[in-house]
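Q: If you want the building blocks of each chain, they are given just below.
Number of protein chains: 2
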Amino acid sequence: MLALKVVLANGELMTTARRARKSSAGYDLTRLIVGAEGTLGVITELTLKLSGIPEAISAGVCPFPSVEVACNAAIATIQSGVPVARIELLDELQVKATNLYSKLALPEVPMLFVEFHGSPAGVAEQAERFGEIARDLAGGPFEWATKPEDRSRLWQARHDAYWAARGLRPGAQAFATDVCVPISRLAECVTATQREIAELGLVAPILGHVGDGNFHLSLMVDMSDTAEVEAAKTLCERLVERALAMDGTCTGEHGVGQGKMKYLAGELGSPALGAMAAIKRALDPDDIMNPGKIVAIT
Amino acid sequence: MLALKVVLANGELMTTARRARKSSAGYDLTRLIVGAEGTLGVITELTLKLSGIPEAISAGVCPFPSVEVACNAAIATIQSGVPVARIELLDELQVKATNLYSKLALPEVPMLFVEFHGSPAGVAEQAERFGEIARDLAGGPFEWATKPEDRSRLWQARHDAYWAARGLRPGAQAFATDVCVPISRLAECVTATQREIAELGLVAPILGHVGDGNFHLSLMVDMSDTAEVEAAKTLCERLVERALAMDGTCTGEHGVGQGKMKYLAGELGSPALGAMAAIKRALDPDDIMNPGKIVAIT
Numbered sequence: 001m002l003a004l005k006v007v008l009a010n011g012e013l014m015t016t017a018r019r020a021r022k023s024s025a026g027y028d029l030t031r032l033i034v035g036a037e038g039t040l041g042v043i044t045e046l047t048l049k050l051s052g053i054p055e056a057i058s059a060g061v062c063p064f065p066s067v068e069v070a071c072n073a074a075i076a077t078i079q080s081g082v083p084v085a086r087i088e089l090l091d092e093l094q095v096k097a098t099n100l101y102s103k104l105a106l107p108e109v110p111m112l113f114v115e116f117h118g119s120p121a122g123v124a125e126q127a128e129r130f131g132e133i134a135r136d137l138a139g140g141p142f143e144w145a146t147k148p149e150d151r152s153r154l155w156q157a158r159h160d161a162y163w164a165a166r167g168l169r170p171g172a173q174a175f176a177t178d179v180c181v182p183i184s185r186l187a188e189c190v191t192a193t194q195r196e197i198a199e200l201g202l203v204a205p206i207l208g209h210v211g212d213g214n215f216h217l218s219l220m221v222d223m224s225d226t227a228e229v230e231a232a233k234t235l236c237e238r239l240v241e242r243a244l245a246m247d248g249t250c251t252g253e254h255g256v257g258q259g260k261m262k263y264l265a266g267e268l269g270s271p272a273l274g275a276m277a278a279i280k281r282a283l284d285p286d287d288i289m290n291p292g293k294i295v296a297i298t
Numbered sequence: 001m002l003a004l005k006v007v008l009a010n011g012e013l014m015t016t017a018r019r020a021r022k023s024s025a026g027y028d029l030t031r032l033i034v035g036a037e038g039t040l041g042v043i044t045e046l047t048l049k050l051s052g053i054p055e056a057i058s059a060g061v062c063p064f065p066s067v068e069v070a071c072n073a074a075i076a077t078i079q080s081g082v083p084v085a086r087i088e089l090l091d092e093l094q095v096k097a098t099n100l101y102s103k104l105a106l107p108e109v110p111m112l113f114v115e116f117h118g119s120p121a122g123v124a125e126q127a128e129r130f131g132e133i134a135r136d137l138a139g140g141p142f143e144w145a146t147k148p149e150d151r152s153r154l155w156q157a158r159h160d161a162y163w164a165a166r167g168l169r170p171g172a173q174a175f176a177t178d179v180c181v182p183i184s185r186l187a188e189c190v191t192a193t194q195r196e197i198a199e200l201g202l203v204a205p206i207l208g209h210v211g212d213g214n215f216h217l218s219l220m221v222d223m224s225d226t227a228e229v230e231a232a233k234t235l236c237e238r239l240v241e242r243a244l245a246m247d248g249t250c251t252g253e254h255g256v257g258q259g260k261m262k263y264l265a266g267e268l269g270s271p272a273l274g275a276m277a278a279i280k281r282a283l284d285p286d287d288i289m290n291p292g293k294i295v296a297i298t
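Line by line, the protein sequences are chains L and P. As numbered in our numbering, residues 1 to 298 make up the first sequence, in order. As numbered in our numbering, residues 1 to 298 make up the second sequence, in order.
Misleading hints may appear alongside valid ones.
Repeated chains share a single entry, so a pair holds when one copy, or any two copies, can fit it.
Lysine to aspartate or glutamate pairs mimicking EDC-like chemistry, simulated, CA-CA at most 16 Å apart [what the hints assert, rightly or not]:
| hint | residue 1 | residue 2 |
| --- | --- | --- |
| 1 | 22 | 247 |
| 2 | 49 | 212 |
| 3 | 49 | 247 |
| 4 | 49 | 132 |
The hints are simulated quantities; they were obtained by calculation from the structure and are not laboratory data. These numbers were taken from a predicted model, which means no experiment stands behind them.
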């Protein structure tokens, strides 16, 4: 993100930056506005940094005996300096859902989906290196490809994940939530969450952006069953508590909105919350920009 | 940068984020504070994301017939997807200065210093690719190496750049300044700046982080010569005006401080300046945190 045009609460049209790739000209208004969920102004124009399509791509899928081993493989890959472009975890339930939905026959165990970008020799070398790391940790076999149609076939389960999850319980309402923890705690966090899902009798496949320590739950809830709705709420509360206890955040991507406002004081403390409220009051004193989200000022 | 601890003007100790690699939990206070030059609080603790030392590194130097061709080679390298880790421009005067200072015999023409990170095969391939791009544009010969001692020898001129520049005029005062423009305008901006340095009779070698469109001038000024001091001020003014006319910024890295406050309104417009002042007033109403820098609130 290079720059924004933003309509402010006072009606002014603000430009946050020029078109240079970097700047230290004053406060970073671009990033302040991007993360503000519309509470500080309305973005009307974006200037983006473009990334070229890589010359070559390799991509593949790899089964693992457990979420822990899968996460360890992801950590080892990153720490060994292999520049992985995408690394996604599907837990066993998510794999099962995609087998049903996409008529695949993947082993119903935790799987990593990986993708590498670079030169033809580079992406082959990176895929081979990942395969060795996976094998050393008792994962695999790692199946990978470079041709677009073969890569699409391998990644199909990942791309179908959302609709596959919905297919697990036709008629149920889907709730998506996410947390993010230090990557060293990710396996522990996912495993404890899976245990809790089972204990509460819920259906919630897990999909993780493991390179970031970030994962998503797709909760499939029968809204006519009040006990199940309550159990789902309990799961979400405990998910956040667990992430915070691991020095993580209540949301890696989805944002705060109204639903996660109550966690911010616990996550960041009252000085940060006070600073956010002060900024909100300064830029939107009449509370007309997406009011009642992120931080309450009345 | 993952998180900060910051002492605020009200005496509170604020934590801006947890240890997760990403978060969307409220306003991005980390980046707001990082770019604030101490005007919103005092940073007392930083949590950084660490990068591993690459398995292999290749690095080299390449002469070019002009700044324009050197910049075109940098653009072509980036656009062809070669993941260059560092790409630095030294103009002909900076090369001459380092020859004198470091007793080298580099051709006194604009040069690019490049570095690639990755696997042994990857960094060799990337260096070869860069060499081909340079040759196609009539640059070169590109000399590169992977052994640490050979890389250090090649990059010595870059590492000595500051002291070499000072060596051009013993006794002169060194002033460093920087601007940043869209990379497509970089060659034009550097070339016009060189012309103006010559016209004003000044000594100011140029060093550019060309991958970002960012470059630095080391102005060597005889402070006892009032006409020269005035000429140096004129050069700096026109440098910023030129960068802004090219949709760039008055500073890519050095920051605003007091010296560049007068350019912010022209660069970003009064709504952005008003937002910065509102944030400053909200977080530091008594103006006790590095007062009188970036934005005036009294």
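Q: Each hint needs a verdict: does it hold in this structure or not?
A: Each hint, compared with the structure:
| no. | hint | result |
| --- | --- | --- |
| 1 | 22 / 247 | between (30 Å within a copy, 12 Å between copies) |
| 2 | 49 / 212 | between (21 Å within a copy, 11 Å between copies) |
| 3 | 49 / 247 | between (31 Å within a copy, 15 Å between copies) |
| 4 | 49 / 132 | neither (34 Å within a copy, 26 Å between copies) |
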